[in-house]
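Model the full assembly from the supplied sequences, consistent with the hints where possible.
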Amino acid sequence: MILARELRKTYGSNRVIDGVSFELGAGQCLALLGPNGAGKTTLLRILATLLRPTAGALTIGGADALREPERARALIGMVAHGSYVYEDLTARENLRFWETLRGGDTAAGRLTAALAQVELDGVADERVRTFSAGMKRRLGLARVLLGQARLLLLDEPFTGLDRRGRKWVGEFLLGFRAAGGAAVIATHSFGAGLGVADRVAILGSGRLLMDRPAADLAPEELQRLYESLTDGADA
Amino acid sequence: MSACAKEPGRRAVSSYAKRAWIILWKDFLIERRAKEHANALLFFCLLLLFLFQFALGPDRERLAAAVPGLLWLGVILAGLLGLGRSFLGERENDCWEGLRLTPGDKSAIYLGKLAGNCVLMAAVQIILVVLFGVFFGVDLWAPAAPLALVLGLGTIGLAAVGTLFAAMTTQLRARELLFPVLLLPVQVPVLLATVSATQALLLGQPLADVAHWLKLLAGADLVYVTIGVLTFEFVLEG
Amino acid sequence: MTRALGWLTVLGLAAGLAAGFGYAPREAVQGNVQRIMYLHVPAVLTAYLAFLLVLLGSIAYLATRRAGWDRLAGAAGEIGVLFTGLTIVSGSIWGKPTWGTWWTWDARLTSTAVLFMVYVGYLLLRSLIEDPEARARYAAVVGILGAVNIPIVHFSVKWWRALHQPSTILGPERSPIDPAIGLALFVNWVAFTLLFAYFLARRMEIARLEEQT
Numbered sequence: 000m001i002l003a004r005e006l007r008k009t010y011g012s013n014r015v016i017d018g019v020s021f022e023l024g025a026g027q028c029l030a031l032l033g034p035n036g037a038g039k040t041t042l043l044r045i046l047a048t049l050l051r052p053t054a055g056a057l058t059i060g061g062a063d064a065l066r067e068p069e070r071a072r073a074l075i076g077m078v079a080h081g082s083y084v085y086e087d088l089t090a091r092e093n094l095r096f097w098e099t100l101r102g103g104d105t106a107a108g109r110l111t112a113a114l115a116q117v118e119l120d121g122v123a124d125e126r127v128r129t130f131s132a133g134m135k136r137r138l139g140l141a142r143v144l145l146g147q148a149r150l151l152l153l154d155e156p157f158t159g160l161d162r163r164g165r166k167w168v169g170e171f172l173l174g175f176r177a178a179g180g181a182a183v184i185a186t187h188s189f190g191a192g193l194g195v196a197d198r199v200a201i202l203g204s205g206r207l208l209m210d211r212p213a214a215d216l217a218p219e220e221l222q223r224l225y226e227s228l229t230d231g232a233d234a
Numbered sequence: 000m001s002a003c004a005k006e007p008g009r010r011a012v013s014s015y016a017k018r019a020w021i022i023l024w025k026d027f028l029i030e031r032r033a034k035e036h037a038n039a040l041l042f043f044c045l046l047l048l049f050l051f052q053f054a055l056g057p058d059r060e061r062l063a064a065a066v067p068g069l070l071w072l073g074v075i076l077a078g079l080l081g082l083g084r085s086f087l088g089e090r091e092n093d094c095w096e097g098l099r100l101t102p103g104d105k106s107a108i109y110l111g112k113l114a115g116n117c118v119l120m121a122a123v124q125i126i127l128v129v130l131f132g133v134f135f136g137v138d139l140w141a142p143a144a145p146l147a148l149v150l151g152l153g154t155i156g157l158a159a160v161g162t163l164f165a166a167m168t169t170q171l172r173a174r175e176l177l178f179p180v181l182l183l184p185v186q187v188p189v190l191l192a193t194v195s196a197t198q199a200l201l202l203g204q205p206l207a208d209v210a211h212w213l214k215l216l217a218g219a220d221l222v223y224v225t226i227g228v229l230t231f232e233f234v235l236e237g
Numbered sequence: 000m001t002r003a004l005g006w007l008t009v010l011g012l013a014a015g016l017a018a019g020f021g022y023a024p025r026e027a028v029q030g031n032v033q034r035i036m037y038l039h040v041p042a043v044l045t046a047y048l049a050f051l052l053v054l055l056g057s058i059a060y061l062a063t064r065r066a067g068w069d070r071l072a073g074a075a076g077e078i079g080v081l082f083t084g085l086t087i088v089s090g091s092i093w094g095k096p097t098w099g100t101w102w103t104w105d106a107r108l109t110s111t112a113v114l115f116m117v118y119v120g121y122l123l124l125r126s127l128i129e130d131p132e133a134r135a136r137y138a139a140v141v142g143i144l145g146a147v148n149i150p151i152v153h154f155s156v157k158w159w160r161a162l163h164q165p166s167t168i169l170g171p172e173r174s175p176i177d178p179a180i181g182l183a184l185f186v187n188w189v190a191f192t193l194l195f196a197y198f199l200a201r202r203m204e205i206a207r208l209e210e211q212t
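Here the protein sequences line up with chains A, B and C, keeping their order.
All the letters of the first sequence, read from the start, carry residue numbers 0 to 234 under numbering that gives the first Met the number 0.
All the letters of the second sequence, read from the start, carry residue numbers 0 to 237 under numbering that gives the first Met the number 0.
All the letters of the third sequence, read from the start, carry residue numbers 0 to 212 under numbering that gives the first Met the number 0.
Please keep in mind that the hints were generated in silico from the structure rather than gathered at the bench.
Please read all numbers here as calculations on a predicted model, not as lab measurements.
Note that the Cβ used here is the ideal one computed from N, Cα and C, for glycine as well.
Please note that the accuracy of each hint is not assured.
Derived contacts from chain C toward chain B, CB cut-off under 8 Å, selection only [claimed, not checked]: (1) 0; (2) 137; (3) 148.
Right, here's the structure in full:
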């Protein structure tokens, strides 16, 4: 699904991303951990084709994401901090808007089904302004589901959610992967990250300091590794 | 067989049109619910009226002579306020990013926004024309149809560049300053054309006399919209 | 290379001065002040050349994304504004004794003033964006629009003037040009183009060095 090779992003003399390479196959989920400012969001945005890397190669779903970003975008669903929702529109109207822009089918049945999958069908015709942060995030997930994304890119999906909300996102992701989708999650929540991912990577000083299967690690071990790696990197 | 061959082409066009339409639909819905622009701009037009009257003094004839210029001046001032905010709604919740991520030709977004802005500016003009007619005692009803044509063409020119520059400056910190500084010099031809043509029409001259201005406006509109369509994706990328 | 260009420019300017003040005759009607035309006309021609380069650089940048094209556009824009300012000032100096006023809204002066404003705006935009990639992109869009607008401005101003004044006496361009004056003009035009090329080369070099640090 993703083939990243020696990705680099430099702002002036600041090397935010300094040689990141990894592969991700269908049905896999990568949890990207790292301290604030490590470049998680930058990397995610490069993967989403929102940002051009200064150097490196990126293939998404077989398409060269740098030369043909449009082909990659057709496969990507991104839920960033903002969730891309218009506060004055209802949930249903938001979905209709984004799906029409994608050139997809906006039949009422499809919209309702997507909302039902994220348990928002009860408030389908309420304005998003009345939604909680978790509900807005779920609406974002409904949007990417409707758009038939094959690759999910989530930036801090667990932030601002209570225990039940996190559990919900986790189950959602497991279902998504079971259906063959791939996902990259940037988060600083170890427990939740370990719970959904089958691979964990730590980003520090613009590089992937570690990339291992989640099954190998226990949360405390991950925490220790994380601290040692990022302390070393910060120093 | 030939119908099938035409299908992908026709589908692409209707998909493009749908995408431009949905932008207009969304902006219209939000405007109707939030009512940000409409009330404030209406009131602004009223204020402009007073501003012009006080600036030019009580001499009725002087005012009447200045009407063509004041009319378009009013449109420009309202445009600077209203157009600059075209993409402000997209800054909430990172919707701008969302727009960038949609696959397909981004110029549909430009056209949708342009259509919305044209409607907004047309509303402003109608209000101004009515207010001018009432308060300044100018007969704007007689040449109404040709006047509408002139103002319409001018509106497209103003909105075409305004929408493009609004998209650009939305991302910049100095947007309140840069937007007028960039927009106004480019609008000089539109200003000259609409004011000259309006003046001629108000003096009772027939439409044929201002045909060259209309051609200039139409040509300029075509150029501005074309550049907008071609370069919007580069502006959106930010 | 640039050095050679620099020396060539000095030579050209010297020749231009000689031609303008020495070789060309004193104009019958306007007197010596007419000689400022040897500055004014080449300046405006060079300004148009500059803005043509802004257009080319802008289009090329959007097509290829190579920073070199943006450097060309930016440098040409700066120098273009300089020469446009020179055109306006020299036109004004010419106008004072000729028409009795520093400024008049005649077609050419007005068009040049509008041109000046468009490109000052272009430079302002460039100066206010820090991210070089965004700066190049936005400047390119404004550069293209500004350049394509030039003929539209030209016609609108010309017709606007025609409404208010039947025809303006603009000077020797309207009457057959004395070949000596024509030659002096040509020499100065070449000199100015060389000067422009020299400035452009230096400015682009500075921009390239700035980007590397």
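A quick look at each hint next to the structure:
1. Hint on residue 0 of chain C is violated. Least Cβ distance to chain B is approximately 33 Å, over the 8 Å limit.
2. The closest approach between the C-beta of residue 137 of chain C and any C-beta of chain B is roughly 5 Å, which is under the 8 Å cut-off, so the hint is satisfied.
3. Contact between residue 148 of chain C and chain B, as hinted, is supported at the beta carbon level, the nearest pair being about 6 Å apart and thus within 8 Å.
Figure legend: structure checked against the earlier numbered hints; the only hint not met is number 1.
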